[in-house]
Amino acid sequence: MRINRNKFGLVAALLLLTQVIWAQDYNNSSQLAQRLRGLASSSDAATLKSITKTAGGNDIWMLTLGTGDVDNKPAMVIVGGVEGAHLLGVEMATQFAEGILKDNLDALENTTFYVFPNMSPDATAQYFAKLKYQRSGNGRQTDDDRDGSINEDPFEDLNGDGLVTWMRVEDATGDWITHPADDRVMIKADKEKGEKGRYKIFTEGMDNDKDGSFNEDGEGGVHFRKNFTFEYPYFVPGSGEHSVSEKENRAMLDLLYTKWNVYGVFTFGPGNNLSTPWKYNRGGASKRVVTSILDGDAKLNKFASDAYNDALKLKDAPASGQQGGDFLQWAYFHFGRLSLGTPGWWAPTVKGDSTMTANKDKNPEVNYLRWAAQENIQDYFVEWTAMTHPDFPNQKVEVGGIAPFKMLNPPIAMVGDVAKKNTDFIVDLADMQANVKLMNLKSESVGKGMTRITVDVYNAGTLPTHTQMGARSRWLRPIRVEVKLSNGQEVISGRRIMTMSNIAGDDSQQISWLIKGKGSIEIEAGAPHAGTDNATVNLK
Amino acid sequence: MKRHITNLFAGLILVGLILPATSFAQSADEVFRAAGSPHDPKVNISFNRYYTAEGIAEITDKIAKAYPDLVKRVSIGKSYEGRDIWMLQVTNYKKGIADRKPAFYVDGNIHSNEIQGAEICLYTAWYLTENFGDVDYIREMLDDRIFYIVPTINPDARNNYMKEANTGSSPRSGMLPLDDDRDGLVDEDGLDDLDGDGSVTRMRRKSEYGDFIVDPLDPRKMIQIGPDDVVTAQRYEMLGSEGIDNDGDGRVNEDRPGVYDPNRDWAWKWQPDYIQRGALKYPFSAPENRAVADFALSRPNIAGAQSFHNSGGMILRGPGAEEDLATYNRADIRIYDAIGRKGQKMLPGYRYLTVYKDLYSVFGGELDWFYGSRGVYTFTNEIFSSFAYYKNPNAGRDQGYDFDKELLANDAFTPWASYNHPTYGEIEIGGFKKNFGRATPGFMLEEELHRNMAFALYHAHHMPKLSIDKVSEKDLSGGLKEVTVIIKNDRMMPTHASQDLKYKIERPDFVSISGVDVQAGMIVQDIDLGLSTEQKVNPAKMVLANIPGNSTVTLRWIVSGKGKYTITVDSAKGGLITK
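Read top to bottom, the protein sequences are chains A and B.
Here the first sequence stands for residues 1 to 540, numbered as in this note's numbering.
Here the second sequence stands for residues 1001 to 1579, numbered as in this note's numbering.
Misleading hints may appear alongside valid ones.
Straight line, CA to CA, 25 Å or less: simulated BS3-like cross-link-like pairs of lysine-lysine [stated by the list, open to error]: (1) K1078/B x K53/A; (2) K200/A x K1536/B; (3) K210/A x K1502/B; (4) K247/A x K1078/B.
For the chain B half of the interface with chain A, some residues (derived, Cβ under 8 Å), not all of them [what the hints assert, rightly or not]: (5) D1183; (6) G1250; (7) P1272; (8) K1281; (9) P1283; (10) R1507; (11) P1508; (12) V1537; (13) A1540.
Honestly, the hints are just simulated from the structure, not real lab data.
All C-beta atoms in this analysis are idealised placements derived from N, C-alpha and C, irrespective of residue type, glycine included.
One chain only, chain A, in its complex shape (with noise of 0.2 Å):
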């Protein structure tokens, strides 16, 4: 035992020296995968695997934390990389692993954690390419625009800086003018206020096939959060052929539906219901394809909502990124399961001074640029430079704006604190969780050689065993009360085996059987993702 815990003590040092190494920038594909493997040797609670390689070649990660009966722990899920752009949820998911195997091991006495932290490594190795851009499709070969011809019009570096911004062209039919507190941001134009455009705006690049579109199909492949089943959109780039179609979306169900003790999911990602929750609406909870949460859930969401805005305090997210056939929605609407989401991070509103134009209409690429000036972030912005360009030979062309990256991911010195912040939230989260206890057990003679067994099953936990939606699903397990008993026992009255559908926090349920026969028996109630408790009692 006590060579053990040095050894333990000796790797959790070069743990730290390593994580000190790898902060200088976010893991690029091979550094997060020997930042896993480096996880999973020095701990017993931590195991690795693959579930699948996507189009791209790349590992798609699984990193178990857990001790014990581990699947048959209450468990939550904790995904990262659900957006190519957003290597912000990779580094907070990896840095919750490490912070639970670091700090809070004792966590994993009463709860398991499934960490998933990058769903989108073909894409998310475009922030390590020679030419970057924000890139949220896999590696399938994809015709984006249905033309018939794949790849054919992909960006293009026009100014030689390694990364693809913007385009602005002056032209008098355009909808784009400049913002009147910093003309480096472009807005549309307000037509209605009398506002004329006098900018179009494009990506870098050129137009390859002559279609009247700039970069319309480039490298990538379909986004993992557009894949999903919930409110799936049809035939739009990025979606693929149909509905759960790419090797990660499919392994990941495959794996999340034989976690029969999943109750949680937590998603770092642009969608975001923990600055807001997301609101009940009658008309889209009664329709038969609901579309919105539904009353008993939406008060948990909010209950979550605000013990994170407590706890982490950001104020101003921007609006939340969610979409049809993404990964947070499905998690609620179509598997059942608590799902929160939030990207984790995003530039704090600067307080302008007298020598700024006021940000009436709080545009956040204006802010951003302040706050990054503020702070001296490094390569944030590329000046408007004019140029010549094929496309527009007799137009005025100027390539600039905000670098790609920027405004998703902080540079990684600034990750740390707010990871952990996020970290504790959860473990606080799972601290809360379901717990199905037996109470109350009495015994009391009756009759002639018949006994009542009355018992409470009671939820010590705050959080509801099951969702509302979860209650509906055939994929989540209702409470199973069961009464075991030996040879010349009989249960009179009552059933030896029974459901319940959910018992809230706090909440309970009494069960009472008349039982014939002499001798104990065992009374099991539970489900793998609320807990389990037995008791014995003996017969009169």
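Model the placement of chain B on the given structure of chain A, informed by the hints.
Relative to the frame of chain A, chain B by itself:
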């Protein structure tokens, strides 16, 4: 002399054993052709009975081996229990490029107990191959089209229906094990064939409180007692389908193999189980359905599709769910109506219906996926209805009993007989067997197969048939020449259904000219008024969004250069034509 005779006799026996069974069929001298049917088939199949998965495997093998120039037999994947899902690809392989021809996809038996579809598929492959040499219409069909025929897409559960305890309506599901009563045990309490007659029939028990009596004129029938009836006969209570409470939880037959619905597993407007009962985890969770979908995705030349279910006597089109009304556009509905109404004529007693409106809303159906996601005109036929018994729409509810007695020699009914049941005590078991009510009786089966095949062939006939009809030239000054081409589609279906055009499901059609220098290219809207639209980019390869049905498209090029030129029409669903 004797030795010669015995040798000769032995030799004949030897020859008889070696020669295939067909050598014992009638010789040509003994046979006269009945109109419309192959009279001297290479492959002899009895079409008055049904076949198990193994029977289907063997028959498809025989057909493929008998006609190697017309048939390729492939396995498109494996079922849950590891059986091959056999497909016959039928076309004239000696003419054209097989997988570039407009294709018609047919399958059967997605619901395991709905068995006739497999026999219709076998009959279709047999009919096409055996008639290819004799009938011009069939020869042209196989020259121009390719058929992808999958007799059963649920072979595991087909066998379960046929060989295990089932009613006429079970198991319907596939064999993926699921915990239906959510008690932690899987498939622990299925149906039971207590009396060993091969079917799950009904149980009844004498009871002074029962609601039924036996019909005094027909011991098979039970009559329900009304509130004003005075009853002197023995009362009975009905106890449900044959079965026992295998897991002792107080419920009978509540957790059978499966249960899910393979026809709620398709990726068009798929909904989870709490909205659409029978759905699995995500689209194409069932391996059999995935095999079909992967095949269909790899064959953009599929232009028409047909699947077979039972029963009810229906020709069905989508939408499957009311929420999906917008998917079906007027232009496409007109084509569906034309083919569906013809079907009503060819299949007396069948009605042409729309699923969500005339049946019930369904999400994730195969029919909806083929049309909604692939732009393929698709019908589902529900085979057989009781109209077939006496061709009398007013024959009454008990016509099944009459039919069993008058035309089936009582073969369809297991007479009520006593049984000692572990829970219910002395009961009686009896009822219609599982092969009666939904499955077409034997003597009517070949007609059912033929009429449904003919409907499918009519549908296949109306897939696009493209030709480069007229090429005319006009000399212009400066060494330029004007080449005008009329491309014709002789059939009802366009190369792109409206659903396809709405979402750009399939790539556009390309018409190219080679062998000359192309200066300009245009689509001519009105040849008389000279109205045309120029394609500015790459005019040597004209891009057409669609070639409509029973219609023409006119293209014009301005070219320079001498010599012969070639025009090619390249359409995914219309085929590859060169002139």
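Legend entry - Violations among the numbered hints, reported as their numbers in ascending order: 13
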